[in-house]
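K.L.:
So you can see what is in the structure, the chains are spelled out below.
Number of protein chains: 2
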Amino acid sequence: MPKFPEFAERTKYVQGSVFEKFRPKMQQMGANLVKLHIGDTYLAPTYSIPIDENFIQNNEGFNRYCDTLGIYPLREALSEKVNSDNQLKANPDQLLMTCGATNALNTSVQGLVNPGEDVIVLTPAWPFFKGMVTIAGGNVIEVPLYIRLYREPKLDVLDYLESFCTSKTVALYLNTPNNPSGKVLNSSQLQQIADFAQKHRLWIISDEAYDGMTYDNHNHISVGSLPGMYSQTISIFTFSKVFMFSGLRLGYIVAGESTIKNLNKMMVHQLYSPSTISQQMMVEPVKNRTQWRDAFVKHCHELRDMFITNLKISPQIPEGSYYLFFSIEDHFKGRGYSEVIDECLEKGVSVAPGNDFGKDFPDYIRICFTGENPERLEIAINRLNEIFPV
Amino acid sequence: MPKFPEFAERTKYVQGSVFEKFRPKMQQMGANLVKLHIGDTYLAPTYSIPIDENFIQNNEGFNRYCDTLGIYPLREALSEKVNSDNQLKANPDQLLMTCGATNALNTSVQGLVNPGEDVIVLTPAWPFFKGMVTIAGGNVIEVPLYIRLYREPKLDVLDYLESFCTSKTVALYLNTPNNPSGKVLNSSQLQQIADFAQKHRLWIISDEAYDGMTYDNHNHISVGSLPGMYSQTISIFTFSKVFMFSGLRLGYIVAGESTIKNLNKMMVHQLYSPSTISQQMMVEPVKNRTQWRDAFVKHCHELRDMFITNLKISPQIPEGSYYLFFSIEDHFKGRGYSEVIDECLEKGVSVAPGNDFGKDFPDYIRICFTGENPERLEIAINRLNEIFPV
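Chains as they are written, first to last, in the working numbering: chain R, 1 to 390; chain Y, 1 to 390.
Read the hints as simulated data drawn from the structure, not as lab findings. Cβ atoms here follow ideal geometry from the backbone N, Cα and C, with glycine treated the same way. Hints may be right or wrong, so weigh each one.
Label-pair restraints from in silico Cβ distances [what the hints assert, rightly or not]:
(1) R148/R - P50/Y: 49 to 55 Å
(2) E257/Y - Q291/R: 43 to 49 Å
(3) E343/R - P92/Y: 39 to 45 Å
(4) E343/R - R23/Y: 54 to 60 Å
(5) G61/Y - K21/R: 18 to 24 Å
(6) G61/Y - P50/R: 36 to 42 Å
(7) L155/R - P92/Y: 31 to 37 Å
(8) Q87/R - P50/Y: 54 to 60 Å
(9) P92/Y - T46/R: 21 to 27 Å
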């Protein structure tokens with residue numbers, strides 16, 4: 001019994017920020033540390049942020065509670081956006097504004113997963129998703145896929161997934177463009193995942209946080225746009241990545257109307273609604289996204305290439321998102337994993353540990369190639385070359 | 001099994017916004033409707049909101065992820081505030097910034113309550129709290145208290161609570177100043193609740209959303225400031241009420257350091273952290289709160305008195321918060337409850353139904369006396385007098 005001073009059991013099965021354990025050493029390093037451990041961009045939003053006296057005057061109710069689905073003008077603008085950019089045929093009532101993709105994912109898990117049920121998590125995967133399933137009482141079935149698709153693009157995905165499906169499986173967590181591997185699934189690969197979901201009547205929780213952030217000839221396809229998949233998919237987007245505004249904590253869900261209604265019930269119990277003023281701030285940037293988005297993605301592309309060209313170690317070239325994810329096993333030289341991570345911190349680069357992204361990646365690290373300005377990134381590359389020589 | 005198109009069981013046991021059911025009729029009434037159903041203030045914040053070009057320049061990282069506990073400058077300012085205003089001896093690491101009090105409450109329930117355990121909810125109570133307990137798999141034990149304390153201020157609270165405690169009870173939900181009854185508990189009443197919690201080793205989840213909003217000679221006392229109660233209490237505050245900024249979705253928890261760490265684990269899985277820029281916006285208003293707060297509370301006091309003086313029906317005079325909560329049973333005249341609520345909407349005043357605040361209040365309604373400007377409130381009073389004549 002969690003009577004005082006005990007806590008609920010679920011607090012024992014999940015961790016807080018995966019970076020928490022490195023906090024003391026990171027603080028010790030101070031400003032010299034180039035921080036590449038977190039997924040963020042050094043750039044402030046490149047579009048105009050309309051927060052001034054005029055904005056306050058013109059946005060009635062900016063300080064007040066709003067419709068728990070989100071403010072209508074933003075849902076209307078996003079409806080146009082997902083129809084046009086993602087081929088998702090959503091009207092404004094098929095959109096639910098959330099406090100970032102994190103909140104959208106947790107809301108989805110709470111709305112879909114009963115205790116004792118299984119969720120397939122394609123890995124490597126963003127660490128908190130597994131914790132969400134655990135908190136809901138569900139079981140995570142890790143299925144390593146994204147890295148393998150770099151090597152085997154023609155893999156029979158449908159057949160491969162089959163062996164992981166149990167009688168208790170209710171949902172599959174998909175994340176393309178993928179964090180941390182940078183893999184962007186093509187239409188054939190996505191169609192097989194859709195076929196698998198339809199065969200077993202699984203919900204797809206589609207994390208599209210890196211929507212629009214693809215390079216070379218890769219394009220992001222929303223799985224919900226495939227034939228018959230719209231109502232079976234919960235498509236999740238954010239303002240934290242291509243909109244460069246993680247500090248706003250705003251995201252949104254696209255789904256069928258009854259799904260939105262059920263997920264909204266879960267969300268209101270977590271935070272009532274996302275911020276009214278934050279939503280009002282994003283209406284114009286959504287509408288004029290074509291004016292600023294490509295330049296930002298081009299800049300990310302350049303930073304990726306700067307890393308790929310200058311790093312001695314040769315990671316798989318990411319097709320999307322803004323991470324490099326690679327094994328450092330060859331650099332252990334008799335040391336343990338955590339000693340190598342510690343060396344990175346001591347030499348002035350923070351990285352995210354791979355084991356948090358799935359049990360199959362105990363010797364990987366993730367770095368974010370947009371986390372600091374280009375001058376600092378160059379310093380980081382030099383330091384990484386010292387730590388990981390060829 | 002919640003395979004597509006089914007949802008998780010927990011979606012069936014909770015409702016979304018309690019006002020959802022009235023939406024069609026409210027829309028039908030349009031701008032003529034005086035909206036007193038939601039707890040909000042018509043006033044924009046009376047302090048300066050520093051969102052301008054200068055603010056963006058001076059707040060590095062405004063667009064980026066922040067420490068998941070919240071930004072340090074705000075936790076530092078709030079630490080000073082709770083020490084000085086609430087006698088809570090918290091340092092900045094004993095504060096967790098949340099997405100409103102809603103998020104703070106849900107985080108607390110997730111962090112404390114195992115499935116099958118009981119939570120005592122003193123009623124009438126804010127409706128979503130019960131849903132949070134249900135979502136966590138806990139059982140709600142409703143204990144009607146606040147209204148009774150108006151009639152029986154000397155009630156033996158300790159003895160009264162005793163009969164509701166089971167071997168599975170782990171926490172008690174306290175909300176003073178109370179929404180919806182306006183009751184502000186005095187030190188003797190609070191001490192008895194503290195004694196009860198200490199006797200049974202119960203956590204106290206102390207919802208202090210209406211901190212600072214008290215009238216006449218009533219003062220808000222934080223139960224966590226009573227001897228020995230700090231570490232056993234989760235004290236919850238918000239920027240939605242006396243700060244007049246519900247649209248910012250910002251709140252905070254004050255608790256012991258190990259409690260903060262465990263609750264933070266739950267919060268990061270719900271939304272990672274509250275908005276960085278929102279937190280930066282509130283540092284100065286916290287620091288200069290004495291310059292603007294009293295005038296706002298005085299204005300609420302005047303609006304309360306305007307209702308009390310001019311309403312024909314005589315509700316209990318609220319000691320704090322900004323609601324009137326009263327029985328309309330005498331006005332049924334052979335009609336059902338929902339017909340009377342419908343009459344309110346048809347005659348142009350929206351109210352919140354009492355049954356959502358607890359099973360003992362099936363014939364009550366709640367109105368918020370700060371929800372619209374004074375001219376509109378006068379119209380509402382006239383309409384209410386027509387609906388509820390003496």
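K.L.:
Taking the earlier hints as the rules, which of them does this structure contradict?
P.N.:
Numbers 3, 6, 7, 8 and 9, in rising order.
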